[in-house]
Amino acid sequence: MKKYWHVLGIGIQNNLTYRFNFLARTLFGFIPLLAMLYVWRAIYAGKAGATVGPYSLAEMISYYLLVTVVDALTAVNEDDWQIASDIKDGNISQFLIKPIAYLPYRLFLFIAGRLSYLAVAAIPVALFVLAFRKYFVLPPDWLTLGCFLVAAALTALLQFFISYTMAMLAFWVLEVSTFIFILFAFEYIASGHMFPLDILPASLQRVLSFTPFPYQLYFPVSVYLGKISGSELARGLVIQFGWVLVAWGAAQLAWRRGIRKYSAVGG
Amino acid sequence: MNMDTPTNLQNRPQRSGLGRYWRIYTALWKNSVTREMGFKTNFLMWILVEVLWFALQLSFVGVLYLHTDAIGTWTKWQVVFLIGASHFIQQIFQAFFLVNCTNLSELVRNGKLDFLLMLPVNSRFVVSLRQVDLGAFVNAAWAVAVMVYAGSRLGMEPSLLQLLGFSVLCLAGALVHYSLMFLLATISFWTVRAQGIVWGYYNLFQIARMPDEAFTGAFRIVFTFAIPMLLVSNVPVRVVTGKLEEPWLVLLVLVMSAVCVGVSEWGWRTSLKHYTSASS
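Protein chains in written order, with my numbering: chain F, 323 to 589; chain B, 3 to 282.
Worth flagging that the hints you see were computed from the coordinates, not collected in a lab. Misleading hints may appear alongside valid ones.
Claimed, not checked - Here are the simulated distance ranges between beta carbons:
| no. | chain 1 | residue 1 | chain 2 | residue 2 | range |
| --- | --- | --- | --- | --- | --- |
| 1 | F | F454 | B | R111 | 33 to 43 Å |
| 2 | B | G40 | F | F508 | 22 to 32 Å |
| 3 | B | A220 | F | L345 | 17 to 27 Å |
| 4 | B | I26 | F | I504 | 43 to 53 Å |
To be verified - Pulled from the structure, derived: some chain B residues nowhere near chain F, Cβ distances all over 10 Å:
| no. | residue |
| --- | --- |
| 5 | L20 |
| 6 | N33 |
| 7 | M47 |
| 8 | W48 |
| 9 | G74 |
| 10 | N112 |
| 11 | S125 |
| 12 | A147 |
| 13 | M158 |
| 14 | I209 |
| 15 | F227 |
| 16 | G264 |
| 17 | Y277 |
| 18 | T278 |
Owing to the predicted nature of the structure, the values given are computational and were not obtained by experimental measurement. Built from N, CA and C at the ideal position, the CB exists for glycine as well.
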């Protein structure tokens, strides 16, 4: 286990070299978010009723603020590209002979990436939330906060395992970026990144509930906002955990299959 | 067969100006076609990616208009037209310029820029237009199809003048995108890791496809007069759909695009002076 903590340390140091990149990324990312809030404000201004689905304007804004926070905590940054290029360039050969497994190695690098991203992005994100503080709600109680943290951690794991599995495609195809972008498109709309999923027609919501996408972002946000509670919350956490296991299994399977196909090119 | 008579030789430099650049550019096109056809599956996959993201933006409009009839004065099919136009402008920009802009930092990093600077042609020309992205033309065609459909839903019958204005403004918009992206790319002369900055421009594209009336205050002023994202696709759509209440906006787009081109040229020259080759 100690060796993986070491990986964590190296990962943080590596990532902090790119702190300017992180900062630029966070700041640029606020522009479309702000634009989105303007569009919603215009929609609410032109409406007779004061709600869209179950959301008032204030709730809608706090939804997007939370999406920003959860995204900063859990999103896969460049891990999938790096894994794919590790495979393509033959860098994974060393993991076949060293006493360290590739999946936990990447997992710790992912965690390191998130921690260093937070260290850099915390200030701009906090300032942004502060500017909208009258819309930023606190969770109803401590239990909700605890459940939110668990759900957010599971979201991070789910994101990582799905990206890892996608990156394993590099064993079979030359160029994985197109596949990554296609998956990302689905994740972007179906995980609740663009809009809260409960403003969709009920039938569409039902279809989505059978996919892992809502558990990649929408679920922890709704837990925080107190939209899901009691037995429904417990059931949601179990399903989310189930998806994490499935994605982990897929990641392991893809790795084993891939290694069998692998012929160390230039390794 | 008297090509080498003195008069012809004298005429040569003049004639060679545009003609020579045209020949160079056709050669670059041929290169790009050959390169793309080497990876046919990949070529098709990238088109699929763009189509998917385009569809995603359109679905978002669909979801928004489940809950409202208008954003400001923009109706559903007007916004669909706006998304189409914005995608069209972006794809035209992408077809000619995008890859070349994003490659600039790589050229600086590995010192290959030296070879391009030594060529006896305008350096900005060869750096900006080296590669053509053929898939982007296919995607631009999708965008036109969406605009035509939205236009028919709106019952539009634009005059020839409106169509001409729309086309000219779209080109001006593509030039704005190119100039700003090129300016950002020249930052790579100062810092090696400019990729993140170039990537940041994608966030600005997202503003260009939103209806201008939603924005107020400092945000609107900055993205109209400093970084004219709220002009590049909104104004041409206003012209062609007959929504143009303030005709001076047309002039503003043309002036802003000229300013952007000028500023990026200044940035390029300043950067070149600063350039110390990586390979020597």
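Outcome of the hint check:
1. About 39 Å separates the C-beta atoms of F:F454 and B:R111, a value consistent with the hinted range of 33 to 43 Å.
2. At roughly 29 Å, the beta-carbon separation of B:G40 and F:F508 lies within the given 22 to 32 Å, and the hint holds.
3. Taken as a hint, the range 17 to 27 Å holds for the pair B:A220 and F:L345, whose Cβ atoms sit roughly 21 Å apart.
4. Between B:I26 and F:I504 the Cβ separation comes to about 36 Å, which falls outside the hinted range of 43 to 53 Å.
5. Taking the minimum C-beta to C-beta distance to chain F, about 38 Å, the non-interface status of B:L20 holds against the 10 Å cut.
6. Residue placement check: B:N33 keeps its beta carbon more than 10 Å from all beta carbons of chain F (closest about 20 Å).
7. Chain F draws B:M47 into its interface by the beta-carbon criterion, the shortest separation being 4 Å against a cut-off of 10 Å.
8. For B:W48, the condition that its CB be more than 10 Å from all CB atoms of chain F is violated, with the nearest at approximately 6 Å.
9. A beta-carbon of chain F comes within 10 Å of the beta-carbon of B:G74; the shortest separation is about 6 Å.
10. No beta-carbon of chain F is positioned within 10 Å of the beta-carbon of B:N112; the least distance is around 17 Å.
11. At roughly 27 Å, the least C-beta separation between B:S125 and chain F is larger than 10 Å, which holds for a residue marked as non-interface.
12. At roughly 20 Å from the closest C-beta of chain F, the C-beta of B:A147 stays outside 10 Å, upholding its exclusion from the interface.
13. Here B:M158 stays apart from chain F, with its beta-carbon at least about 23 Å from theirs, past the 10 Å limit.
14. B:I209, annotated as away from the interface, has a beta carbon of chain F within 10 Å; the closest lies near 5 Å.
15. A cut-off of 10 Å between C-beta atoms confirms that B:F227 is not in contact with chain F; the least separation is 16 Å.
16. For B:G264, the requirement that its beta carbon stay farther than 10 Å from each beta carbon of chain F is met, with the minimum near 24 Å.
17. Every Cβ of chain F is farther than 10 Å from the Cβ of B:Y277; the closest lies at roughly 21 Å, confirming the non-interface assignment.
18. The claim that B:T278 is not at the interface with chain F holds, since no C-beta of that chain comes within 10 Å of its own (minimum 21 Å).
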